[in-house]
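What follows is the residue order along each chain.
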Amino acid sequence: MSRDARFKKEAAALGYSFEGEIQIGGNYVPLIRDGNIVYVSGQIPRVENDVVVTGAAGDQTDLPRAQLGAKICIMRSLALLQRSLGSLERVKAILSISVFVQSAQHFTQQSEVADGASELLFKILGLAGAHTRTSVGVFQLPKNATVEISLVATVAEQ
Amino acid sequence: MSRDARFKKEAAALGYSFEGEIQIGGNYVPLIRDGNIVYVSGQIPRVENDVVVTGAAGDQTDLPRAQLGAKICIMRSLALLQRSLGSLERVKAILSISVFVQSAQHFTQQSEVADGASELLFKILGLAGAHTRTSVGVFQLPKNATVEISLVATVAEQ
Amino acid sequence: MSRDARFKKEAAALGYSFEGEIQIGGNYVPLIRDGNIVYVSGQIPRVENDVVVTGAAGDQTDLPRAQLGAKICIMRSLALLQRSLGSLERVKAILSISVFVQSAQHFTQQSEVADGASELLFKILGLAGAHTRTSVGVFQLPKNATVEISLVATVAEQ
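Protein chains in written order, with my numbering: chain Y, 191 to 348; chain X, 191 to 348; chain H, 191 to 348.
Be aware that a few hints might be false.
Copies of the same chain look alike in the list, so a pair counts if it works inside one copy or between any two.
[As the list claims (entries may be wrong)] In the SDA-like style, the derived pairs of lysine to any residue whose C-alpha atoms are separated by at most 20 Å in a straight line are:
hint, residue 1, residue 2
1, Lys282, Arg223
2, Lys333, Asp252
3, Lys333, Glu302
4, Lys313, Ala202
5, Lys282, Asp224
6, Lys313, Ala201
7, Lys313, Val219
8, Lys282, Gly225
9, Lys282, Thr344
10, Lys333, Thr298
11, Lys313, Asn217
12, Lys313, Ala195
13, Lys333, Asp249
14, Lys282, Ile227
15, Lys282, Asn217
16, Lys282, Leu317
Hints listed in this document are in silico derivations from the structure and should not be mistaken for laboratory results.
Can you make the complete structure from the sequences, with help from the hints?
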C-alpha cells in the first residue's frame, strides 16, 4: 500500500477528514521548503473550524484523548506535506518533531502523549517515519489546544 | 526602499535603537552560520541593559504590550543577521520562528502575540519574510521576559 | 587531549557513566543524520534507569542541581553523537541547543541553568562547541525531569 493510501486509511480510522483547507491562525505560512529541507508550522488538533482536543492533559483531558490530539496534529502536518510535494512518497526523512503538551501540574506523561504522533509516522511513512523527538509540558497553547506539534523533514531529489 | 532602510524605519517607529551592542545572557553565541543556514539564539525584549516587556501575558501584561515584546525580539534577531551578513538583503528565507510566550493560565492568544513578530518580518523582508511558526505558552522565561523568539534563516550565496 | 578524552574526563568529574545503553522513552530514534546535519532527540538527566534530577527549579531543585541536570543532558547528547560518528572529533559545529527548564512560578534563571550545558560543550568540543541557545521555563517535563535539552549539530565530511 502506498503512503498516500495509508494516510487515507488512518484518516478514516480517526474519523476525521483532512481534505479541506488546512486553516492556520496567523500571518505566516504553513510550510516552507528550502533546498531539500522542509519546515512545517506548529499544528494544533484543529479539524476545519474547530479545535477538537482542548484543555490540560492530566486534568480536563485524559491520556488517550491527548494522544488523539497528537495524532490529529501529525495528520495535519502530513496533509500539508502531501499537498506541497504531490505525494508522501517524496518524504525522505522526518528529522525532528517537537511536541508541546498543555499539562496539569503533576502530569508527567508528555512522552506517552507524543507516542500517538510517533506511531502514526511509522505507520504511514514506514522507515522514513523514524524521527527524533522532543516532548515538553507547557502551561498554555493557542486556542486552549491540548497539543501542538512542529516538524522538520527532508525530501528526496526529484 | 531597501530592507536595511525599512529596518531603520521600523526601529524608529518602535522608539528603540538596535544599534548598540546586542547583549546576550550566557556562555553561548548569538548567531551561527553553517553553509547557507543560520541559527539565531532565542531573543528576549531587551534594549541595552533592560528587559522592557516583562510579566505573564494575560495577567501583568496585556496583548498589545506582549506584541511589542515580540516585535523587539524580532528587531534584535534582524539586527544580528544584518551585522553578520552585512545587509538584510542577503537573507534568502526565514525558515522558522519559535515564539515562547510567558502566559497566565487562561491566556490562549499566543498566536496573536506572535503576529507582532510575523508582521514585522513581512514588512521589513517582503516575501523573504514568509516563515513557518510555532507559538506556545510557557510558565516562565529568563529575566521574567514576556516573550522569547528563536529563528532559523537561510542566506543567498554570495 | 582529544575531545573523546575530555568527554571521559568530564564524565568522571560528574561521577556518572555514559557508557551503557542510552535509554529513550518512546517510539522514536535518539539521533538522525541527513547529509551533514544531525538532530539529537530531547534528553533528560537520566542515568541508566533513573532520572537523577527531578522537580521544578526554584522550588524542589536549586540552581546548582538544575545545572547538574543540564550537564547530564549534554553528556547524553554527546555520548549519542560519539557512538553514531565514531568520535567527537567529527563534530563540526553545534548549531543550536534548546533548553527546557521545569520552573517554579517565580524562577527566572533559565539562562543560568543552561550555562551548565554551554560550559560543558566548550570544555569538551573547544571552538566547535560554540552554539546558539534558547532557554525557556516550562510547566512539566517527562518523568518530572528538571531539564530537557535537544540539539542540532553538523558533522565534517569524511
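Against the structure, the hints:
1. Lys282 - Arg223: both (13 Å within a copy, 12 Å between copies)
2. Lys333 - Asp252: Both ways: Lys333 and Asp252 sit 18 Å apart in one copy and 17 Å across, limit 20 Å.
3. Lys333 - Glu302: So Lys333 and Glu302 pass the 20 Å test across copies only (10 Å; inside, 22 Å).
4. Lys313 - Ala202: within (14 Å within a copy, 41 Å between copies)
5. Lys282 - Asp224: Classified as both; 14 Å inside a copy, 9 Å across copies.
6. Lys313 - Ala201: within (12 Å within a copy, 38 Å between copies)
7. Lys313 - Val219: Intra 27 Å, inter 15 Å, cutoff 20 Å: inter-copy only.
8. Lys282 - Gly225: both (13 Å within a copy, 12 Å between copies)
9. Lys282 - Thr344: both (5 Å within a copy, 19 Å between copies)
10. Lys333 - Thr298: This pair counts as between: shortest inter-copy Cα distance 5 Å, intra-copy 22 Å.
11. Lys313 - Asn217: Between copies, since 11 Å is at most 20 Å while 32 Å is not.
12. Lys313 - Ala195: So Lys313 and Ala195 pass the 20 Å test inside one copy only (11 Å; across, 41 Å).
13. Lys333 - Asp249: Intra 17 Å, inter 17 Å, cutoff 20 Å: intra and inter.
14. Lys282 - Ile227: both (10 Å within a copy, 14 Å between copies)
15. Lys282 - Asn217: Between copies, since 19 Å is at most 20 Å while 29 Å is not.
16. Lys282 - Leu317: within (9 Å within a copy, 27 Å between copies)
The structure shown violates none of the earlier numbered hints.
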